[in-house]
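Novice: Listed here are the chains, written in short residue letters.
2 protein chains.
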Amino acid sequence: MALTFTPHSTDGAARRGTLSTAHGDIRTPAFMPVGTAATVKGMTPEAVRSLGADIILGNTYHLMLRPGAERVASLGGLHKMMNWPHPILTDSGGFQVMSLSALCKLTEEGASFQSHVDGSKHSLTPERAMEIQFLLDSNISMVLDECTPFPATHAVAKASMERSMRWAARCREAFDALHQERSESRVQSPALLPLPAGEGRGEGNPPELPNHESRTPNSGYGVFGIVQGSIYEDLRLQSVEALTAIGFDGYAIGGLAVGEGQDMMFAVLDVTMPAMPADKPRYMMGVGKPDDILGAVERGVDMFDCVIPTRSGRLARAYTSGGEVNLKNARHKDDPRPIDPNCSCYTCTHYSRAYLNHLFKADEMLGPILTSWHNLAYYQSLMQGIRDAIEAKDLGKHAANLRAGWKAGDIAPL
Amino acid sequence: MALTFTPHSTDGAARRGTLSTAHGDIRTPAFMPVGTAATVKGMTPEAVRSLGADIILGNTYHLMLRPGAERVASLGGLHKMMNWPHPILTDSGGFQVMSLSALCKLTEEGASFQSHVDGSKHSLTPERAMEIQFLLDSNISMVLDECTPFPATHAVAKASMERSMRWAARCREAFDALHQERSESRVQSPALLPLPAGEGRGEGNPPELPNHESRTPNSGYGVFGIVQGSIYEDLRLQSVEALTAIGFDGYAIGGLAVGEGQDMMFAVLDVTMPAMPADKPRYMMGVGKPDDILGAVERGVDMFDCVIPTRSGRLARAYTSGGEVNLKNARHKDDPRPIDPNCSCYTCTHYSRAYLNHLFKADEMLGPILTSWHNLAYYQSLMQGIRDAIEAKDLGKHAANLRAGWKAGDIAPL
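From first to last, the protein sequence lines stand for chains A and B. Just so you know, this note's numbering puts 268 at position 268 of the first sequence, and the rest follows in order with no gaps. Just so you know, this note's numbering puts 67 at position 67 of the second sequence, and the rest follows in order with no gaps.
Each hint should be verified, as a subset may be incorrect.
The list cannot tell twin chains apart, which means a pair is met if one copy fits it or any two copies do.
In silico BS3-like links for lysine-lysine, alpha-carbon gap of 30 Å or less [claimed, not checked]:
#1 K328 x K121
#2 K333 x K397
#3 K361 x K105
#4 K158 x K328
#5 K333 x K361
#6 K121 x K361
#7 K121 x K333
#8 K397 x K407
#9 K393 x K407
#10 K333 x K393
#11 K397 x K361
#12 K121 x K289
Since the hints were derived computationally from the structure, they do not count as laboratory data. Computed from a predicted model, the values in this text were never measured in an experiment.
The whole structure should be built from the sequences, with the hints applied where relevant.
Specialist: So this is what it looks like as structure tokens:
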């Protein structure tokens, strides 16, 4: 098997499962912290892992530009380079090529653009997107697609989705060729190439890598298709049909969380999810806030990624059982209480709101570090609670409790 | 005893000792990481501790302005607020009042100045400097002094030193009054005030505080005098005489590392150190680079503090057994080797120069974090090696090896 997905219990449409990769298992529903440039901002990989993350996400667009996919491969692959020996999913770069780069041009062949870093010219085709993710040694590659802008007319959304489906077929073919070639030529995964003698780690610190001796073609590696179609039910269903005809290791919902609002987002899930294969993982890209995640799990989504925990953490916004808290607010400057009295994370058991308020005012790195830490802990704790509730077939009650807490708001000032 | 210092072995002028405080013991010679604004920049306190730091330094000037000494006291003192239950030394604020603030005016009474943060007006007298450090719950307070500018004429240096000595006497008196008052009124140290019921940490996470039940007046707390006199031998000796007549728990060498150069700095140590009491710790403020520290230890200095490990770390400059390494240099971009092949720190056992080079190019927080980590590890490892060598009466050979390594320079490019 390329990737193994076992949905082992359900509660309504919600699923509790396990996705197995060459670098380990992922408990679903899963939240994937984002490590854009080969680092989850402000965190060591050990800290990210300790909070309960089974998998992180890397961004192909950023990594292809800097440090470069070939360089990552020569350094042993992304897992080894960034000291994260666990599963990694990479996006295809398409979304960020279209949102971050300059002079982006799309043709049937692919995208051409200029780097936002240094203005250098690049192209990203379905084939190159697969090659880059192969060089990164990503466990889960994503197909190159066009993230249809919102709003889009039905005609625009249809043309865009159909091209994405043609690209998806090319991606599947390229992915299989790369992994088949590796298998046949007995060229090992970049992460498995030994370092030249005398280089790198001391003998006392062997890289933590899984045992690949039993590797079969693309064993423990897979590629996900991405459902597009904007807010149009017929296009979403056509997209699912096109992707399942090709056959993928998992299916993502793309083109959401782009300004359509939560009601519209859930409406799209309501029509799309029932059509998606039940035996494959379902991944909602770039989502989201805690209540977005909860609502999507209730509709059958298995995987999420979002920059919110770390981006908000850098901006002093914390997520708690009582909703969002802005630590820069003056109400916290003498408050000896932790961010969230219900949280057992390192930040909440060691630091006061008053201290965090001080760190942000003084522009100290430790403020973003500790608040990112708490937010990632909160998100992983949210997912663990959700997984437990699904197993106990108690998600309805659990979700109501979560929502009541968020609605009640932050603890009262002293 | 206020503070207990036990110099338990020597090698030439170098001393290996233990300084005991209410919050624990300090192995000397000691390097104190700087936690200017109640945080060692980019590091958790646990990480700082794990690298071997027995004590850190806090800056009175920064803390009096933000978050404010009274606020720190109300939050339980500096140890508790910043989650560092180990010894803390605070400077008096004098040096930074004179170097950072605006419109600073010095009179016999003290200093008046405007905050560099918000322009607010403040004054700092010897008595207030002692009160602030008392409120912070500092284990080792430093007297308020004037850091004589370099160069200074003999007349200017003499007048400045003599005023600093009068301030030193006022500081000793104020320190004793504060600690005597606390003892007599049975008012506990700020760190010992219980939190109001229902606030702060959960029961499972009691603050780590030492047992103070046997506290006697200023037991485990002390105040250090500061020797001034610029580069003039007669003034330095007069300053030592004035301070020892007052009587302090330790003696610092001030007014060095201000542009006089290493030769001049060592020359001042050569004339000053033999006059200083052998039974008290000797602290060289604001020093320095590894070879400054080594030379000062050989002349009998016991304690050091410097921002170099963290400030250089943020700027991609690493200190190694082969001297300084600039990780932003393009020569590292494909180098899979660690910063220092001889270093066993977390950074060197998990990350390559190529990855660190990437992190700095991408302006990722983890670059400063990992390089600060390595630098602090290198400094603490340097001190441990020096302590071991003094105990083995082998400092001469050890120092020659260290200097040969620094002189040989960085490992050759691949």
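Novice: Does each hint fit the structure? Answer for all of them.
Specialist: Checked hints:
In this assembly of identical chains, the alpha carbons of K328 and K121 lie at most 30 Å apart only when taken from different copies (24 Å versus 41 Å within one copy). Within a single copy, K333 and K397 get their C-alpha atoms no closer than 36 Å, and across copies no closer than 53 Å, so neither meets the 30 Å cut-off. With identical chains, the CA atoms of K361 and K105 are at most 30 Å apart between copies only, with a shortest distance of 27 Å across copies and 43 Å within one. In this assembly of identical chains, K158 and K328 lie within 30 Å of each other by CA distance neither inside one copy nor across copies; the values are 45 Å within and 47 Å between.
In the homo-oligomer, the alpha carbons of K333 and K361 lie at most 30 Å apart inside one protomer (10 Å), although the nearest pairing across protomers, at 35 Å, exceeds that limit. Taking the shortest alpha-carbon separations for K121 and K361, only the inter-copy value of 19 Å comes in at or below 30 Å, while the best intra-copy value is 40 Å. Proximity of K121 and K333 under a CA criterion of 30 Å is satisfied inter-copy only: 21 Å between copies versus 49 Å inside one chain copy. For the identical chains of this complex, K397 and K407 are intra-copy neighbours only, at 15 Å inside a copy versus 68 Å across copies, given an alpha-carbon limit of 30 Å.
In this assembly of identical chains, K393 and K407 lie within 30 Å of each other by CA distance solely inside one copy; the values are 24 Å within and 67 Å between copies. With identical chains, the CA atoms of K333 and K393 are never at most 30 Å apart, being 42 Å at best within one copy and 51 Å at best between copies. When the C-alpha separation of K397 and K361 is checked against a cutoff of 30 Å, the pair qualifies neither within a copy, at 40 Å, nor between copies, at 48 Å. Within a single copy, K121 and K289 get their C-alpha atoms no closer than 35 Å, and across copies no closer than 44 Å, so neither meets the 30 Å cut-off.
The structure shown violates the earlier hints numbered 2, 4, 10, 11 and 12.
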